[in-house]
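If you count the sequence shown from 1, position 144 lands on 144 in the numbering used here, and the numbers rise without skipping.
Treat the hints as calculated values from the structure; they're not laboratory data. Any given hint might turn out to be false.
[To be verified] Here are the computed distance ranges between Cβ atoms for each label pair:
no., residue 1, residue 2, range
1, Pro48, Trp283, 37 to 43 Å
2, Ile131, Gly228, 38 to 44 Å
3, Ala75, Val253, 19 to 25 Å
4, Ala75, Pro224, 30 to 36 Å
5, Asn206, Gly228, 20 to 26 Å
6, Asp144, Trp283, 34 to 40 Å
7, Asp282, Thr229, 42 to 48 Å
8, Asn278, Asn206, 32 to 38 Å
9, Ala124, Pro28, 24 to 30 Å
10, Ala254, Lys166, 41 to 47 Å
11, Pro28, Ala130, 36 to 42 Å
12, Ala222, Pro304, 28 to 34 Å
[Stated by the list, open to error] Restricting the straight-line Cα-Cα distance to at most 27 Å, the calculated cross-link-like pairs of lysine-lysine (DSSO-like) are:
no., residue 1, residue 2
13, Lys27, Lys285
14, Lys235, Lys27
15, Lys78, Lys112
16, Lys163, Lys290
17, Lys27, Lys39
18, Lys243, Lys78
19, Lys112, Lys243
20, Lys121, Lys163
21, Lys121, Lys78
22, Lys285, Lys121
23, Lys166, Lys290
24, Lys285, Lys112
25, Lys166, Lys78
Glycine residues also receive a C-beta, built at the ideal position from the N, C-alpha and C atoms.
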Amino acid sequence: MKKRVTALGTALLAMAIANATADSPAKPQTMRQVLDASKPSDWRPLDPANTLYMDLPSGRVVIELAPAFAPLHAANIKTMVREHYFDGLAILRVQDNFVTQWGDPDAETPAKARSLGNASKTLAPEFERAIARDLPFTRLLHGDVYAPAVGFSNSMPAARDEKAGKTWLAHCYGMVGAGRDNGVETGSGAELYVVIGQAPRQLDRNIAVVGRVVRGMELLAALPRGTGTLGFYEKPEQRLSIKSIRLAADVPVAERTPLEILRTDTPTFAALIESRRNRRDDWYKLPAGKIDLCSVPIPARAPPSHATH
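Please work from the sequences and hints to get the whole structure.
Take a look at the structure:
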């Protein structure tokens, strides 16, 4: 009888453990686990017609343009690129915790400035655009200091004011903008910068944000800081020369950098946000429970067919 009771107790204990396991929530996923479980449909390829290859002596920077938010600037930049405007120009400015900027060192000297060719010297300011039904927007639920709502559109950080009917791209790390003078129409795209430090969101809706660096940020963020005002290089020999900037569509397929971007309108991206909002891997002891717009990474990867095995 004793053995029968013991056996019954063991069976009940095993059943209780099984039920407890079934009832307990699954262990939260890390970002790596979310990405490893992603489906091919969670990713989208870069559009060669809106992808720039900025080739430096140290390697290639891949920039995705944002024509949905800055169509005039995107078109003007592509005109300059196709006419080789940027080839041989330089990195002019690297300001710590702010931006890396490139363009024509002689732009302020009319006799020496490089011609813009068929590109426009001035453009209407594209600091924001109207909200539209065909413009995707995945809202981030947490609050934001700079906008009534923030989220992601076409895999880029964006903000919007629904009462005003306006939306715009946000100055997060890696975002590319068109430098300008005081006049709002002076940002042609001939002088570009990328955010390399903490997100300077005070620039939002004051400059046209034209795209995002999706590969090669280390080549722009780790450059020596300029010693002049605002981080400008004071001597020509300090500047880093740009070998060329090309539109991916104009580069032979064999010479392209195959990349795809995680879509931001999928359950997988929602799971990624959660994995970053509540970091529950072994190192973290206190999950934050919140996350701001510029702290959500938007991964890029080589397509599986091109990945190194």
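Hint numbers the structure violates, sorted upward? 6, 9, 14, 20, 22, 24
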